[in-house]
Structures are given as structure tokens and as C-alpha cells.
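For the protein sequence lines, the chains are Y and P, in the order given. Just so you know, we're using my numbering here: the first sequence kicks off at 1 and counts up by one. Just so you know, we're using my numbering here: the second sequence kicks off at 464 and counts up by one.
Treat the hints as calculated values from the structure; they're not laboratory data. Positions of the beta carbon are idealized from the N, C-alpha and C atoms, including for glycine. Any given hint might turn out to be false.
[Said to hold, decoys possible] Derived pair list, reagent style BS3-like, types lysine-lysine, alpha-carbon separation capped at 27 angstroms:
id	chain 1	residue 1	chain 2	residue 2
1	P	Lys765	Y	Lys302
2	Y	Lys45	P	Lys508
3	P	Lys652	Y	Lys302
4	Y	Lys240	Y	Lys455
5	Y	Lys187	P	Lys765
[Unchecked claim] Beyond 10 angstroms from chain Y on every Cβ pair, some chain P residues (computed):
id	residue
6	His489
7	Ala552
8	Gly697
9	Gln732
10	Arg831
[Stated by the list, open to error] Simulated restraints on C-beta separations:
id	chain 1	residue 1	chain 2	residue 2	range
11	P	Asp619	Y	Asp257	40 to 50 angstroms
12	Y	Ser329	P	Val646	32 to 42 angstroms
13	Y	Asp36	P	Glu623	31 to 41 angstroms
14	P	Ser658	Y	Thr353	35 to 45 angstroms
15	Y	Asp185	P	Asp619	56 to 66 angstroms
16	P	Asp499	Y	Asp185	13 to 23 angstroms
17	P	Asp790	Y	Pro446	53 to 63 angstroms
18	P	Lys723	Y	Gly204	50 to 60 angstroms
19	Y	Gly204	P	Thr731	45 to 55 angstroms
Number of protein chains: 2
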Amino acid sequence: MTKKRIFLNAFDMHCAGHQSPGVWTHPEDQSDRFNDLSYWTDLAKMLEAGGFDGIFFADVLGTYDVYNGSREAAVTNGVQVPVNDPLLAISAMAHVTEHLGFGVTYSVTYEHPYILARRLSTLDHLTNGRIGWNIVTSYLDSAAVNLGFSGQLHHDQRYEIAEEYLEVCYKLWEGSWEEDAVVKDKKSKVYTDHSKVHNIRHEGKHFTVPGPHLCEPSPQRTPVLYQAGASPRGRQFASKHAECVFTAGPTIEIVKDYVKDLRSRVSTQGRNEEDVRVFGILTPIVGKTEDEAQAKYETIRKHVSYEGSLALLSGWTGIDLSQYSPDESLKHVTSNAMQSAVDIFTKADPNRTWTLRELAYHVGVGGRGPVIVGTPQQVADEMERWVNEADVDGFNIPYTMAPGSFQDFTELVVPELRKRGLLPPQDARYETYRENLFGEGKTRLPSSHPSHTWKELKRRTVT
Amino acid sequence: MTKKRIFLNAFDMHCAGHQSPGVWTHPEDQSDRFNDLSYWTDLAKMLEAGGFDGIFFADVLGTYDVYNGSREAAVTNGVQVPVNDPLLAISAMAHVTEHLGFGVTYSVTYEHPYILARRLSTLDHLTNGRIGWNIVTSYLDSAAVNLGFSGQLHHDQRYEIAEEYLEVCYKLWEGSWEEDAVVKDKKSKVYTDHSKVHNIRHEGKHFTVPGPHLCEPSPQRTPVLYQAGASPRGRQFASKHAECVFTAGPTIEIVKDYVKDLRSRVSTQGRNEEDVRVFGILTPIVGKTEDEAQAKYETIRKHVSYEGSLALLSGWTGIDLSQYSPDESLKHVTSNAMQSAVDIFTKADPNRTWTLRELAYHVGVGGRGPVIVGTPQQVADEMERWVNEADVDGFNIPYTMAPGSFQDFTELVVPELRKRGLLPPQDARYETYRENLFGEGKTRLPSSHPSHTWKELKRRTVT
Chain Y
1 MTKKRIFLNA FDMHCAGHQS PGVWTHPEDQ SDRFNDLSYW TDLAKMLEAG
51 GFDGIFFADV LGTYDVYNGS REAAVTNGVQ VPVNDPLLAI SAMAHVTEHL
101 GFGVTYSVTY EHPYILARRL STLDHLTNGR IGWNIVTSYL DSAAVNLGFS
151 GQLHHDQRYE IAEEYLEVCY KLWEGSWEED AVVKDKKSKV YTDHSKVHNI
201 RHEGKHFTVP GPHLCEPSPQ RTPVLYQAGA SPRGRQFASK HAECVFTAGP
251 TIEIVKDYVK DLRSRVSTQG RNEEDVRVFG ILTPIVGKTE DEAQAKYETI
301 RKHVSYEGSL ALLSGWTGID LSQYSPDESL KHVTSNAMQS AVDIFTKADP
351 NRTWTLRELA YHVGVGGRGP VIVGTPQQVA DEMERWVNEA DVDGFNIPYT
401 MAPGSFQDFT ELVVPELRKR GLLPPQDARY ETYRENLFGE GKTRLPSSHP
451 SHTWKELKRR TVT
Chain P
464 MTKKRIFLNA FDMHCAGHQS PGVWTHPEDQ SDRFNDLSYW TDLAKMLEAG
514 GFDGIFFADV LGTYDVYNGS REAAVTNGVQ VPVNDPLLAI SAMAHVTEHL
564 GFGVTYSVTY EHPYILARRL STLDHLTNGR IGWNIVTSYL DSAAVNLGFS
614 GQLHHDQRYE IAEEYLEVCY KLWEGSWEED AVVKDKKSKV YTDHSKVHNI
664 RHEGKHFTVP GPHLCEPSPQ RTPVLYQAGA SPRGRQFASK HAECVFTAGP
714 TIEIVKDYVK DLRSRVSTQG RNEEDVRVFG ILTPIVGKTE DEAQAKYETI
764 RKHVSYEGSL ALLSGWTGID LSQYSPDESL KHVTSNAMQS AVDIFTKADP
814 NRTWTLRELA YHVGVGGRGP VIVGTPQQVA DEMERWVNEA DVDGFNIPYT
864 MAPGSFQDFT ELVVPELRKR GLLPPQDARY ETYRENLFGE GKTRLPSSHP
914 SHTWKELKRR TVT
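For reference, chain Y alone in the conformation it holds in the complex (with noise of 0.2 angstroms):
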């Protein structure tokens, strides 16, 4: 059998503990130089040189203010707040890196496209190539009325938007300038062929743009299309648009009816399965022997902060979680939102008793996902499974400790990953994002993408 090679993102935002609310207060945790730039660019050298893919960033522009109604658990802890743009480092970690791919999520909600086009744009010419678009449609309440909105937008609307504001972007980055357009012949001393850059006369009901792009083609065009949507109105956006889906489930018995509904949306879209990266989330707390590994993991634990996992889980689902008793279990919990993150957990774990506490602490150590404790074989026989039984193609892998979480999984999992042909070797990687996600040549979206339809715009307009 061939086995699929896994694809690995380190999951990682501007702040300090992304997904690990205390663990800053570990004595080995550094996650709260995220300031400075030495620790981003020796971060991305790791990653590189580790065997990582590519580093996707995560954002939030405001704070989680649900628990108890403030943000003070969220300030007092740290907990993604303070948080910076995630765009700006980029060019220094790209700078010192060759190969490895950058995620950064941005919202549809809050930015003109024209200008986020050209954003985007400028940083896949300065990566050459390497810039990957994680499409969020939007964030917390508390961003939102920092925006000029009274709160969030409806659900619906939000991807009505994203549709057309996406619409703007494929006509700017695919349709705009013609492949040839930038000559730069310094003999006949045209720079650009003006025939070749087209208006793309967007008139839509939210966005007006008459074009042109700003920007000459850069290497990918569009950047590599990121998408987590878990509603059916958000699965049916990402099996659009989506090149590369994250989708962060604890068990394989619920990721793996995500993909396939998922994978069955996308070729209902006239799209090949396999221009589709599905990315789950997988933590891994590894040391040479289980003791090892399970010393590392009690010690994270006690550097969690029960308050701080509350805030982010509070903000996650919108369920102010104070009014629970600690050492209650979650089981008769009534609202749909908490008994929904509830059932997640429980089905992970049916033998447990899931109290508050409990599902903090899971929370706390990076528990989004599965946290998978263990020698570096355990950790990559249970990778192998997620790939092999939920059908997810990689793993936005998150740190608990930073970026100690990151060496220890370069230095020990990436070897044995190696060893069973799951991952490529070290030299065998192309220059840009999409080509190492879809394979040599595959620089450019292909023709069975929505993206497609804006290539031929010069032919539908007049200049």
C-alpha cells in the first residue's frame, strides 16, 4: 500500500499560549516574546528545517469578554489578548526560510477586498509564492462593535458577503492582469502591456470595485484557499473555495463524517477530491518514553488556568460558563451551544465524567482536538490513524508550550513520521505553498475552481 503522505502546519497566533490558556507561566514556555521578531524568525527556521509544511496563524481582533461578562479572566491570564496582526512578521520568517508556507487568517467582514487583495498579493511576490488565506467570515462581538457594527453580523449574511467579496478577489488576482501583461523590454521601453490589464467592473450589492488590481500576477495568483466551516451553509462555502480545509474535531468518528460530507459536497461541485487538503488538529505532548511524556504532560496541567480555559471556552461558545458549578458533571447541561461542546468532549472520552473542570484542563493543555501523550511512535501510529480512518490528509498541529511543543515534535515525531514514508524527505520540497500541497508544477489554482470562471474576464469586458 502507498501510504498518503501527512501534511503538517504548526497552529500558532500573535500572542502568548494560543491554545494552552497558563502555560505562559511554564518556567520553559516563550510564548510571550511573540513581540519579537527573533523569536518568529528562529521559530520559522525550526519549523523549516523540522519538516513542516507550512505555520498557520489564527487572529482574533477582540477579547473574550463572555465568561462573567468581562474580559478580566481573559486580560488577568493572557488569553489571546494582547494580540497583533498576524501579517507583519511574515516577510522576516519568509526571509529566512526557502519552503515553508504561511496561513494567516482574515476576515471578509471588516476589510475592503480591494485592498486585502493587494495585501495579499504583495506578500505572495515577497514570499515568492508562499502565502496562504485562511477566509473567516467573522470574530467575536467584542470586534465586531470596534468595527462600527452593533454586534455581528447574521450567519447567513456573513457568507453572502464572503461569497461576493471572494467574487471581487478572483477577478483582482485571476482576471485583472494577463499572465504576459509586465514586459519590462527596456529596448521597446514598454513596462507593461496596457492592453493586457483589464477593469474587472464589479458591481455587486455589497462591494462597487472598477479594477484594475494593483499588483502584477505574483507566483501563486490567489493565495492558497483556507476555510473551516463547520454549519452546512459554511461546509457548502469551503467545498466551493476551499483548497486546504481545518477542521478541528476531537474524535475520528465525528471528523470522519465531517470529510466524507465534506469530500461528497466537493465533487458535487464539478472539483477533483484531491485538489482538497483536509487538515485535523492533533496535540501531542511527546517525550523519548511514556513516563517521560506523561511527566511533561502533569506538568503543563498544573500550569493551566482553569478561569483563563473558561474565558476561551466561553468565547467559543458563547455560553457564559461561570454559572457552573466546577465538580458538576456537564451531562444535563441545557444549552444547545454548551451541550454541543459538551457531547464533543463526551463522545471522546464516553467512560469519563465530564465536569467543568475537567473539560477546562482538556482545554487548557491545547485540547481543542484529541492531546495524544505518548512516545513518538504512539504519537505517529495515532496520526496515522486519524489519516487512515477519519480520511484527513494533515494536522494543524498547536502548541501547549512554545516553542518547546514545536522542537520536541520536529526533533522526535518528524523521524518516525520519516521512517514510515508518511512524511517526504527533508530536499524534496518546491518553492511554492500550493505546489508542496498539491505537488510539483501545481503553482496556480486549478481550472475546476470558481477562480477559474474570472480568468477569461478580458474577453466578457471591455477596457
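With chain Y fixed as given, assemble chain P onto it according to the hints.
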């Protein structure tokens, strides 16, 4: 006499031939490599080693389409199109340097202050306090229409919005987080003292921003503030807010009057004159001998694009210059904007008959201001004269060819300026941009700056 120290910014843009249309065709010009990150990191290293204080990035968000009512001339000649986002290469340039400052042009008209404030705080952190912001209120009509406006806002309305925009930024940068809010005490497990993080509760005419800011205080908090207001309203704005004022006048007489007026306005605002640096513009074409310099000038002039220059000039003045014949004297042009543009150059050399062609070629060799063709001594003489007579503190130095012009300047002119005591020695540099401009320890805005009103935010708001 203690001579004034001269401040130096390289004047650049993320496009080819920033202010020298057509000169990208010169065999030695490399400015068309602007998509390539190593072009920017090499330039940053050269500028820092060569004695520059900073690099100042212009920007536009549209194309120059006034000339002939079309963007054809601009696109064909690569006149500031294609053009990338200036913020994104900065972290890489900061990674390879230690002291070089980065001034970036960003408009207050098209991006939300809550987002821009985070973006600039992030950069100030990552560069260790080396960010400046050139506040502009508008771009071209061709930009406005792509961002959902039917055209540019009225001049005074733009400044009204800018005033409120800055108020929001000051509140976020200076008032939201107290200096010692971030504790990061691993023992007490307190990341941030939440009682020292304040909502800004801004409710204005154009923006509603409850806050708090998302980033902790960066080295400079507020980036070094640049502005280039020329109109009475613009000067008023600059005298109130700007720490560095950029004026692109072509003669000492014109700039002298401007600087005198500006400094008087600064005093009226209750600010200290020495808290504002004025940057003129001066394009040096330098050779070891006069003949060498003159030969360089002649060669560069041959590569200027006449139509490209007119595209640029038409965009700046808003007048379609295709209506004038190339060799007609411009003395009797009736349009106000054009007459004032011509007047400016006429005053620069009253014995010269300015035709459209001559004006185009003057602009084409980087001549938005004076063009000094000569030896290092002659260029230094002229700079000294500007400082003494026009009372400027420094210059934004455009290139005619990049990076060659900057290399000539650092190799030939900088040593001459140092010999005269007009530039500090290479090792007399501080860490932050503001200290390099205003002196050791002056990392933050002085207390006479209007932003200081918002330092007291905590006493005025309930968090």
C-alpha cells in the same frame, strides 16, 4: 557655530521608478525588482550602513489616469503601477538592520482606525520601535471609486475625519494600556493587570470604538508622526499633530516661507519648535567630478519617459496635460492648478523658459524638488544652504536610479557631510526612530503633543 545635524530619509515606494518615470529602462536601474524581498533587505542594509536615518515609503491606491483620460501612459511606462503594499516588507528589512527607521504612508480615509492602530503597534513591536506613519487623507479618484466612494471626499471633510481618526488612535496607543499593565509574573500567574487596561469609549461623529486596544504598549506607543499638509487646513493639521513634516518645494524661497509659517503655527499650538523636524526634498545626481555627474544626468535624462512624466504630473495637478503642446511656453496656461505647478518651477529658475517638455524632463529625473548635479562637495554645499536658508532639518532623498542613486549618495555624499559635522558618526545611533530624530531617551511623544490628553484616559473613564 554648532552646525545643525541633517536628517536623512531615503524616499521610496513599492513600485519601479518611484519619481523618475521611464528611468527603469536604464541598464543599471534595478527598481523593477520591487517584488523581490532581497531587493528590500539589501537596500535596508545599504541605507543603514550608509548613514541614513530612515526610509520613507510613499504609496498610492489607484492608477494615474488623468493624462489623456486614461491610465495607458502610466501602465505602459510603469509609472507607480504595479504598486505593492508598503507595510509588508518592513519586518524583513528590520530583521537585517538595527537602527534604520521606517516611515510608511497610510491613509485615514479608507481603513478603520481600530485595525490600523493594531497594525502599526504590531510593527512598532516587531521593529523594536522603528516605525513612522505618514498620515495622508486621500489618494487618487481612481482609488476612491475602488473603495466604495463615488469620488474623493471634500478636502476639509477629509481633515475633519483625520482629526477624529487620530483621536481614536491616540486613545488606543497612549491611553488604553497603562505603562505597567503587562506584568508577566509567572509566580503570581498574572499576565496583565486588568485594572490597567482601559476601554477608550470613543463615540464620535465618524467612529464608535469602545476599545480596548488589542496590543500592549509598544516601544514608541504612537509611531513617529509624519504629515505633508500644504494647504492652510493641512498646515494647521500638521502643526498640531506632526513630528516630521515633509515639504516637496523646489526652491529655498518657497520652502523658507513654508517652514517659517509652519514653525509659527507649531508655537501657536503650544508645542516646542524643536519637537518638529521639517524634511525638504532634494535629488542628488552625484559624480566624483562635475563631468562625471553631468554625464550621469544626461544618460538618465535620455531614459526619462515624456509621457510617463506627464501621466505623473497630470495626476498630481488633476489637469490633463495632453491638451498642451510639448514646446509651447507654459507662461500663459490659465488653469490654476497647472499655473501654480508651473510657477513653482518657473521660480526655481526664472531665466529659463519652461515648456511642457522641459517640465516633464525635470520631473522625470526625480525633480519634484531641486535636482543637484555635481560633486559630493557641491551636493553637500547645496544641502547645507537649504538647511541654513530654508531652515529645513533634513531631506527625503529620492532616487533617479535604484539602488544606484542611494549607493552613490552613501559612498560619496555621506562622508562629505560627516566631514563637515552635519551627520553623526555611524555608531551614534539609538534604538528607536523617535530617538534618532529627537535625541536619546525621547522614545515617546513629548508632553506638549496633543496625544498626551489621552494619557489620562484612566482617570476619565470607568472601565
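Cross-check of the supplied hints:
For the proposed pair Lys765 of chain P and Lys302 of chain Y, the alpha carbon gap of about 72 angstroms is over 27 angstroms, so the pair is violated. With a C-alpha separation of about 21 angstroms, the suggested pairing of Lys45 of chain Y with Lys508 of chain P holds against the 27 angstroms cut-off. Taking the CA atoms of Lys652 of chain P and Lys302 of chain Y, the gap is near 12 angstroms; set against the 27 angstroms cutoff, the hint holds. For the given pair, Lys240 of chain Y sits about 17 angstroms from Lys455 of chain Y by alpha-carbon distance, which is consistent with the 27 angstroms threshold.
About 13 angstroms separates the Cα atoms of Lys187 of chain Y and Lys765 of chain P, which keeps this hinted pair within 27 angstroms; it holds. Distance check for His489 of chain P against chain Y: the nearest CB is about 8 angstroms away, which does not clear 10 angstroms, and the non-interface claim fails. Against chain Y, the non-interface label of Ala552 of chain P is violated: not every CB pair exceeds 10 angstroms, the least being about 5 angstroms. Chain Y leaves Gly697 of chain P outside its interface by the beta-carbon criterion, the shortest separation being 24 angstroms against a cut-off of 10 angstroms.
At the 10 angstroms boundary, the C-beta of Gln732 of chain P stays outside the reach of chain Y, the nearest C-beta of that chain being 30 angstroms off. Look at Arg831 of chain P: its CB is around 20 angstroms from the nearest CB on chain Y, clear of 10 angstroms, so calling it non-interface holds up. Judged by the Cβ atoms, the range 40 to 50 angstroms given for Asp619 of chain P and Asp257 of chain Y is violated: they are separated by roughly 60 angstroms. Taking 32 to 42 angstroms as the suggested C-beta distance range, the pair Ser329 of chain Y and Val646 of chain P conforms, at roughly 36 angstroms.
The beta-carbon spacing between Asp36 of chain Y and Glu623 of chain P, approximately 39 angstroms, falls within the hinted interval of 31 to 41 angstroms. Take Ser658 of chain P and Thr353 of chain Y: their Cβ atoms lie about 37 angstroms apart, and the range 35 to 45 angstroms holds. At roughly 45 angstroms, the beta carbons of Asp185 of chain Y and Asp619 of chain P sit outside the given window of 56 to 66 angstroms. In this structure, Asp499 of chain P and Asp185 of chain Y meet the distance hint of 13 to 23 angstroms, their C-beta atoms being roughly 19 angstroms apart.
A hinted range of 53 to 63 angstroms holds for the C-beta pair Asp790 of chain P and Pro446 of chain Y, which are about 55 angstroms apart. One distance hint, 50 to 60 angstroms for the beta-carbon pair Lys723 of chain P and Gly204 of chain Y, holds here, with the actual separation near 51 angstroms. For the pair Gly204 of chain Y and Thr731 of chain P, the beta carbons lie near 48 angstroms from each other, so the given range of 45 to 55 angstroms is met.
In terms of the numbered hints stated before, the structure departs from hints 1, 6, 7, 11, 15, listed from lowest to highest.
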